[in-house]
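K.L.:
Protein chains in written order, with my numbering: chain V, 1 to 159; chain G, 160 to 993.
Calculated from the structure, these hints are not laboratory results. All values derive from a computational prediction rather than experimental measurement. There's no promise every hint is true.
Stated by the list, open to error - Simulated coverage check for chain V against chain G, where a stretch passes if three residues somewhere in it have a Cβ under 8 Å from a Cβ of chain G: (1) 5-11; (2) 56-67; (3) 107-118.
To be verified - Quick list of in silico lysine to aspartate or glutamate cross-link-like pairs, EDC-like style, CA-CA up to 16 Å: (4) V/Lys143 - V/Asp99; (5) V/Lys143 - G/Asp743; (6) V/Lys143 - G/Asp400; (7) G/Lys426 - G/Asp360; (8) G/Lys895 - G/Glu933.
Just so you know, even glycine gets a beta-carbon here, dropped at the ideal spot from N, CA and C.
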Amino acid sequence: MRGKFIIAGFLIVAAVIYLIVSNTGSTAHYFLTIEELQEMGNKAVGRNITVSGAVLGNTIAYDSSLPQVLFTIAQVPGDPQEVERAGGLATILHSAVNDPGAPRLDVVYNDVKPDLLQNEAQAIVRGHLGDDGRFFADEVLLKCPTRYEEDIPDQVEGS
Amino acid sequence: MLSEVGYILVGLAMAVAVYTPIATFRSMRRSDSRWAESGRNGAYVTAGLLGMAVLLLLAAFLGDQFQIRYVAQHSSRDLPLYLKVSAVWAGQEGSLLLWSCLQALFTALAVGRPSERSRPLIPWATVFLSLITTFFVAVTLFLSNPFVLHDTVPADGQGLNPLLRHPGMVFHPPALYLGYVALAVPFAFALAALAARRVEDWPAVVRRWTLAAWLFLGVGLLLGARWAYDVLGWGGYWGWDPVENAGLMPWFTATALLHGIVMQDEKRGFRVWNIVLAMLSFVLVLFGTFTTRSGMIESVHAFSRSPLGFYFLAFIGLVVTVSVIWMVNAGQVLREQHSSDALLSSSGMFFLTLILFLTLTATVFIGSVLPTLTGTLMGQRFEAGPEWFDRVTGPQFAALVLLIGVCPVLGRAASTLRQLRARGWPALVGAGLALVAAILAGFTRWVPLIGFAVVGLAGGTALAEFGRDVTARSRRQQENPLRAVWNLVGRNRRRYGGYVVHIGVILMALGVIGTRMVGFETELVLSSGEPVDAGGYTLVFEELRQDPTQDHSTTRASVAVYRAGAYVVTLQPQVNHYVSLEQDVAVPALLEGLREDLYLVLAGWGDDGRTATLKVFVNPLASFLWLGGLVFLGGGAVAVWPQARAARLPVPEARRRTIGAAVGLLVGILVLIGAGAAMWGPGHGAVFQSVGHPLRGQTAPGFSLTLLDGSTLKLSDLHGEVAVINFWASWCPPCKDEMPDLQAVWEEYRGQGVTFIGIAFDDEEANVQRLSSELGITYPLGMDVDLRIATTYGVTAVPETFIVDSEGQVAYIHIGPVSAGMLREELDSLLEGQ
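Just chain G, same shape as in the assembly (with noise of 0.2 Å):
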């Protein structure tokens, strides 16, 4: 039934896309407004239906029903609710529906209210716009329906991949898709002003799709990269797969179109540019839709090969004819009127910066496809690795990150050197201060040195910039500083959310910086409350966890980390063993912070869990990356904002602007908020103890017990002798195991300058007394009032022992019961050293 009705919607929305393009072509023949009218309502109906059946795809995964092949194959009945809603999109046939959806909603949005410049391309972005959709409903329709019935009827679903139960994936696919499908606008406005022949104004009316494509592809990649983090456990958070790079490539060409929508705006030339990054980018949406789907490209998380590779390479085929054909059609129209700028002006920069974005996309492309082009060219097939990646790439950033540096130092026209000098003294000093701090904080090589002196030559820049505009307007309109900074962002927010956004690149450059040249990493076998050194940290291996949930078992390693002998945090990476999927999924465990992140992966451990192998990565400034980030986004959402507007509208006009905007306002900030809980919300495996076990070597802790008798025992009393002090309790049944082998070793060294001590954790005295008789024990014990001995020896579970030696500094921490025999050999090698 749920998939009949399916079936019928896509359908139905497939008859009304085709319907809508001939209609708006028809009333573009005959002039006629009421063919234009039932064009528009096409689109809106279109938008409505495949809205129902993405609903309706919903539905069945909340219900379970499995008979419908796509629900099964990604969704369990004990999966959680929110990642039954992330399902929807998990798999190719899913995303193609959403993305089908999406496509229809934006060619609703773009075409629904022209304004006035809009008005000429709309009939023309209408035809184009259902077209894209159509071929999408297509595909969905007849390749890739996700409604498609099971030839028998599962008890259960397959579940969704472990590696895909993070929050970052509900938000990363969906942020992706709104961007791909985004990008379909300024593509459709282009083709639609080729047609037109009206090539000035198109740019201004896509600016802020072009801005909110770039927006969600932004937040997609951040949110993906972050994933790759908390997730995947290499350390890492950017591989340069061919799939993570078909995401990539489209956000450099409209991150390039952004810049040149500006200069066209300003009347500054950049026509052909404009049109031609526009088509680049849609066509580099459809390539990584086809990379993905086609199995052409060796890439490790390829969806599985499937027939819809050759459609999509069709479709590239068709597209890039078509917008050839309009374009050389066009010639004349495009010609501009010659421009006069000098290379050393801020146009001269922006060209630049085109230039860079493009040979950055071809250098990801021809990256991508080695493999096949050198099998080609060469015969031999040649494979580029993070390595080659990172090399070719890593100039062509430092040079775009120069060119914020320079940039905002030149004048709109030509510069000479004696401007420069006179503006360029922050850029400098910039750069000075940084390569001094970097050189303090202890980087040597010589590559991250200018790379961060680069860094500090943007950010100098940037902060003058800012800070010049700020003071001039807070002087000229007597305001005080804080408002005027609101007052000049509101403004003119293009211009300062873009400075917002620069700042957030050089914040993330920092972090690229770091983890990237400078990372440490290693592999370490703890052993149980052994200390090790690596990275700047001390490591103490505390103990081995094993619990199962309702769909795997997890096994917890605790780790504690010491930085320069003092307590930090407790760390628990951990593995999840799916048993059903006999599939094992390592979570890491980070200590964030902002000079470095301690990232551990729980490798392996020893069957009796007194031993774990973990990889210990440092990755310097990391946070600088996501922090970087989110100033980045931020920037984003402020230029993207809708500039106030100095005329009045008419009441109706303004109503439904406000409302625009709040709904915007609302989505805007849930997206934050969404980006920000799937980035720092859940707890990545650190635990905080107030205090950590104190470490081998450091003195231990002194306390005054109240023993059984009365009396009072303290540490400080024992001078000169060794102290076994074991934390226990009489309702834990190992305590009471190790208790007479305690017992034994007691009466073999009473009298060699030994002493036991037993401190009752969290118990009641008579139990304690009781025990103790039934026991026969004789070493002195004594209760822990309110837990405080147990709070500075770090004790949080017991049994747990330590011995101090005769210095009073601790010699031996063991976790979990003891032996009479690992008593003796610590006792004889310390008696022995006296």
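Pulled out of the complex, with its shape left as it was, chain V reads as follows (with noise of 0.2 Å):
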């Protein structure tokens, strides 16, 4: 009788492997820096893809009548480790938008503009590159990672 019970718990993560492994080869996103995604050119037509970037505040341009938002993004690393390093996700953001040497991508994202779109947010971007060029995002999530926890306003008073 056990080795029912091993036959049986053993089909059932097997097809869980299966959906794990032939989803991630279909639905699941490339994860790339803009750096990687303009390296693999036009290879990365067409594919499912996820690139993440610092938002560049002076680029952000919405239409509310398509609704349609055009901005772009700045490089920052991918690795996590690699972010510590530089000193936090804040600085990594900042120095990415203040540097014109770093790789840029131009999204367009035919939707309403995210609350949380503005300058120096980490915009984590799902989409497709198109043969332009631009990036065509069908999700965009968004962070800012000092606004809570680090900035202090400007105005003290004597303790």
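Take each chain as given, in its own frame, and dock them per the hints.
P.N.:
Shown next as structure tokens:
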């Protein structure tokens, strides 16, 4: 009887492994930095891609009548350890935005402007690369790491 | 001063927390009950000290003590009281202090009242639980202290993140923490069972702790989902974010553990399983905390990176090592008598249930770490989006629902196919009915249809089994069916609580299938007064209103919703702009119904306020998710409720239990009311009016108006003429501004089959008379007695102008003042068409 249990359990596990592997091939996204995306060049066109970068505030253009948002993101490292060595996410985002030499990517998002889309936010963009080198996003996730943890208002009074 | 007291309290708690396991350990070595007593007192004192520390932090928030950095970062003077309370756990330092306090409290409660069965395990459990408490207190004291002072004292705090200003956020984090902390109890007792080499009884001892943990985690997850639905404005409730997943994984393993405990209680094996599941649950709790603090995993709402991650990782390593060593040591004790149950029996189904919960946990874990995992294994980072999770977990959830449907039909031992046929028909009937209902309701794709069939199958079995038990009892005991239900559930709370939970799962499954597989979403740009069809509704954007409030300004769009031409509701999605934070927060508006939710988000607007961009979501069966969630939690509450004792207890013991039960009942009711209020209490931007504006193309409501000269004007008497109906008031400045334009256009078009009618809204006849002669108005003016006409036209504010064509149908609606140009354009096109 024990054998049947083991076989049934094994079948379930095998089915789940199959689901994971096949979906990683089809629906999972390549997780790339801007640099890696641009190195892939034409090979990247048409694939599911997630790319993360720092939002350049002055490039955000929003047309609420379409609706469509255009913005540009700048290269940030993908490896969490590398981010840590460089002094944390906030520092990385700040220097990415102010480095004119950093690789950049224009993003087209045919949707309403997200609340948190602003200068030096980290954007995690899911979508695909168009033939024109612009990135067409289906989904934009944003986080602003510094807002509530580190920024202290300027006005202070003596204690 | 406050800060120093805080330091002292946490420092003392640390000292006592270190003392407690040492004292308890000594009691075991020397078999001296005085040391055991001392250890137990240590657990009480730790809890008391940390409780005072939490109250102190609360006082600091209520008293705006911004010299304390944590307070300055998460509060401000103008924050409402309930949010100041919730700000205590809005950040890392405060939530860790709360965690330590709850950990100490649960330690004291778990070891404080040994029963006959738990007594041999208590010393070891005390050691393990107080070591866990020590870890959390140490982290709070040395690495993440909420009582740290500022160098300078800010005049005001930074305020609470606007996204967290929601009643759900008051309950969601503490509920999760309660669940996390309670999971340490089964873990500690599992280790204690191994250490004391008594592996048979521990699951019974911690069953209610596990249930409580499972219940709290469930409430926390449900409230979190509801918060996301209400606040985040993307039309969904679960995004498979790593932080959400971190709460889901221990909940899966806790659910599995509950099923395993049932089996072990009935002496059907599962010893090793239960110990592994208890350990896994606690490790996953630590892992969840690690992911949110370490920045190791990409997440949208991770806390900012902090060095805590390393310490949590080290602690996880320690816990896993200790667990494995004890298990290997205890090897011989764990060996079970060979189980002889067949796969096609309820034991077999429980076994499959455990396997599925474990594969689900593994799936969610792999998905959460997929970028790191694939990056290491393949050199190419892949990321799992919601689609990945939906597709991989979907079949596993379906299989679990299927098991709910199959398991009760099977007997304890092996079942034959004939037995299955005899008791399995309700399942097939349920599946068939659900399939037919879904097809009739218009679902066509086969994946949702299979989903509905599985749900129907499980529902059919659950109802049939319950019905069978009730009729059997009512026949046997000569009770009426309602009484039989009450007695049946009362006598075996665990079993029937479990049934209710399963029914909740089935209802939630309906909601999940509806929202995730057949939802509808679109974006629309609406012009004022222009009806647009979307998702089976007609939406009319009426007006935009901006109001400043204390700390933000609100822009609110009013959108009238019609279904099949009939007015349903006016929805008011809004955007709050927090000036000092430069942040916009969109607040969606919701029309909730059993069949589906209509969910509107205001996404933008034209500068003149005459256009609005909306995101429109139609979420079929979304209400079943929340409804099922409550049924589910209610079932859990029934199961956690203490079983009535057959044996008589000594009086003091009985009294203590009664008090305990009363407190439990009170807390339970408060939690349920709180959860319900957080979910359904606040209005979701829906304003119900008795009547809406008539839609364009609909017949204009008839009326009879007494004019200023005493004569009567009836709309029906105007046949063949175009009528311009203007609602106005003498006390309304924009109305006065538009009247000369109306008069001018009236003079141009009179005699071409056009009539103008001015209807005074909520006004005094004398004022109307005076203003009309002042402005030289010559078109018919009349008083709307008791707002009768305004009500039928859905007018709640003035000015509003309607144009009714020669067929008596509404051709044009304008909210706000009209200009001569607009009127001419509309009248010309109408007259041309005739």
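K.L.:
Does each hint hold? Answer for all of them.
P.N.:
Hint check results:
1. 5-11: holds (count 3)
2. 56-67: Holds: 5 residues of the stretch 56-67 of chain V have a Cβ under 8 Å from chain G.
3. 107-118: holds (count 6)
4. V/Lys143 - V/Asp99: 20 Å, violated
5. V/Lys143 - G/Asp743: 14 Å, holds
6. V/Lys143 - G/Asp400: 13 Å, holds
7. G/Lys426 - G/Asp360: 10 Å, holds
8. G/Lys895 - G/Glu933: OK: G/Lys895 and G/Glu933 at ~11 Å, within 16 Å.
Of the numbered hints stated above, the single one contradicted by the structure is hint 4.
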